[in-house]
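Enquirer: Residue numbers (the working numbering), protein chains in the order written: chain A, 1 to 287; chain B, 288 to 592.
One or more hints might be untrue.
[Stated by the list, open to error] Here's a subset of chain B near chain A, in silico, CB distances under 10 Å, partners left out:
1) L316
2) W432
3) L443
4) L445
5) W447
6) S451
7) S455
8) G526
9) L529
10) I533
11) F557
12) L567
13) T575
14) L577
Worth flagging that the hints you see were computed from the coordinates, not collected in a lab. Here the structure is a predicted model, which means the values were calculated and not measured. All C-beta atoms in this analysis are idealised placements derived from N, C-alpha and C, irrespective of residue type, glycine included.
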Amino acid sequence: MSVTTARARTRRGWRSASTWFGAVIVAIAAVCAIFAPLLMPHDPFAQDLGKRLLVPFWMEGSNPAHLLGTDQLGRDYLSRLIYGCRISMLIGVTVSVVSGLIGITLGVLGGFLGGRADDAVLFAITTRLSIPVVLVALAVVGLLGSSMTLLVATLGLLLWDRFAVVARSTTMQVRNLDFVAAAWCAGCSRFRILAFEVLPNIASHLVVVATLEIALAILLEAALSFLGLGVPPPLPSWGLMIAEAKDYMFFSPWVIVIPGVALFVLVLGINLLGDGLRDTFGARSDS
Amino acid sequence: MLQFFVRRLIVALLVAATVMTLAFVLTRLSGDLAISIAGPNATQADVEAVRKAYGLDRPLIVQFFDWVRRAVTGDLGESYFFKTPVSSLIAERMPVTLTLGLTGLVIALVVSLPLGILAAVRENTTFDRAVQVVALLGQAMPSFWLGLLLMITFGLQLGWLPISGTGSWEHYVMPGIVLAFSAIPALTRLTRAGMIQAMGSDYIRTARAKGLSRASILLKHALRNAAIPVVAIAAVQLGFMLGGSIVIEQVFALHGVGFLAWESIGKNDFPVVQAVVLVLAVIYVALTMLADLMNAVLDPRLRSS
C-alpha cells in the first residue's frame, strides 16, 4: 500500500530541481537559436584547410581562437554547434506546430463529435502508427530532394499522433462536464463551445505534448540528417555533423562526442521541462 | 471472443489497405517515374521505352490495382536494381532485422521489467528516482550516437565486440543494446505505473489479508494485471524497432530489411521501397493484433470491447 508521507513525496512540478534544470537548458538553447549570428565567434561555413581538425580547449595543442576545435574542413566547431542549435530548435518548434495543428484538429473533432467521426479519427491514428516513420520520411526526402520546408512538412505530417490521442481523450473528458452542457443549453454553436469551452481546458495537456514533440522532432531530424537525408549540407545540423565526423571518429573522437552531447543535453532538457509542466498542470492522464 | 477477433481483423485489413495506397502514392510523389529510372542522360525515346517496359504508361488506377492484386498474392514486383523479385530480397534480409528486433526487445524486457517492479515496490525512494532518471536519459539519447559511442568503446578501444556485419551472436549485442535503449524508458515507466496501481487495489489487499507471501502477491497477482498494458506496449515497441531499425542497421552495417530500404532509396529502386513500407506496416498491424489477443487472454474484462 503506498501511503505517501510529506517526506517521501518528492518535489514535483515547478518546485522540482530537474524541471528548473530543463528550463535553463531550453532557455540557453533558445538564446543560442535566436541570437546565433551574434554569439558565433566565426562564420560556421568558412573553411580553412590549413586549420583542419584542431583539438578543443581541454586537449593539448589547442588554438584559443577555436574553443571547441575545428572539423575536417577547418570550420569552427563552436560556431557550427551554435548554428546547429538554431536549426534544431527551428525544426523542432515548426514541426511541433504543424503536427499540433493536424493532431489537435483531428483529436478534438473525434472526441467531441463521437460516433462515425470518432471512428474515422481512431482509424487514422491506427494507420499512422502502422507506418514506419523513419523509412517514409527518408523515402520522401530521398525522392524529392532535401530542403527545410519539405523536411518540416514531412515530419509534421508524420508526427501528429500523440497530439491527436491526447486531444481526443481530454476532449472526451471535458465534453461531459457541466459548463459545456450549460453553454449548449444557452444556445452556443458547436464552434463556440469548441473554441471557448473545450480548447482552453485541454490546452495545458496539449502544451505538455507540444514540448515533448519538439524533443522527438529534434531527435528524428538528427537521425535523418545523420543518414544524409535531412537538412541539406552545408547547414550544420548536429546529426549531419556527427555523420561527417564518423570518418574521423577513431582518431578524433571529440568530433562526434561534442554534437552528440549537445543533442542529448538539449533533448533531455526539453523532456525534463515537459515532465515538469505535466506535473505542474496535474496532467497525469497521458503517459 | 470470436467476434472480438473478427472485428480486430477487419480493422487490421483496412489499415493494411490504406498503407498499401499510401506506399503506392509515396513512390510516385517525385513525378514521372520513367524519367527517374531512365536517368539524367536519357533521351525522350529512352524515357518512352522505359515507360513501356515498366508499364508506367498505363493509367495510375490500373497500375495501383495491378500492384494490389499482385501484392496480395505475394508478388511484390521486381527490383529495378537487383533484377530479382522484391519478395525474395526482403525474405533474404528479414532474418537479420527480426533477430535484431527480438534481441532488442529481449534486452529491453530483461532490463525494464525488474527495474519497473522494483521501482514500484520501493516507490518514492532514491532507487525509484534513480530508475526514473535512467528512463529519462534513455529517452533523450540519440540512438545513432549511442551506437557510434559503443562502437568506439567496446569495438575499438576494448576490442570486445565486432563493430559491423553479421555472422555470430556477438554482432547483435551492441545493435541490440542500442535498440533496447529506445524501448526501455517506456516499458519501465509502464511497468512501474501498472504495478503501483495494481498493488494499491482491493484484490491485493485481500491477498495480503489472506497471508500470501510477498513474492506470490507481486508475481502472481499484481504482475498479471500490470502486464496487460506492458504486453501491448512491448508488441508496439517491437513494431517500432523493426520499423526504426534502418538507422541502427546503417550504423552497424547489418544487412537487414532497413538497410535494403536505405540502399533502395538511394538508388531510386521504387518497387523495393514501396514493398518494404508495406511489409513493415503489415508486421506492425499483426503485432498489435497479437498484443490485443494476448491482452484479451490475460484479462477477461477486455474480451467484450
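Enquirer: Which earlier hints can't be squared with this structure?
Expert: Hint check: 4, 5, 6, 7, 14 fail, others pass.
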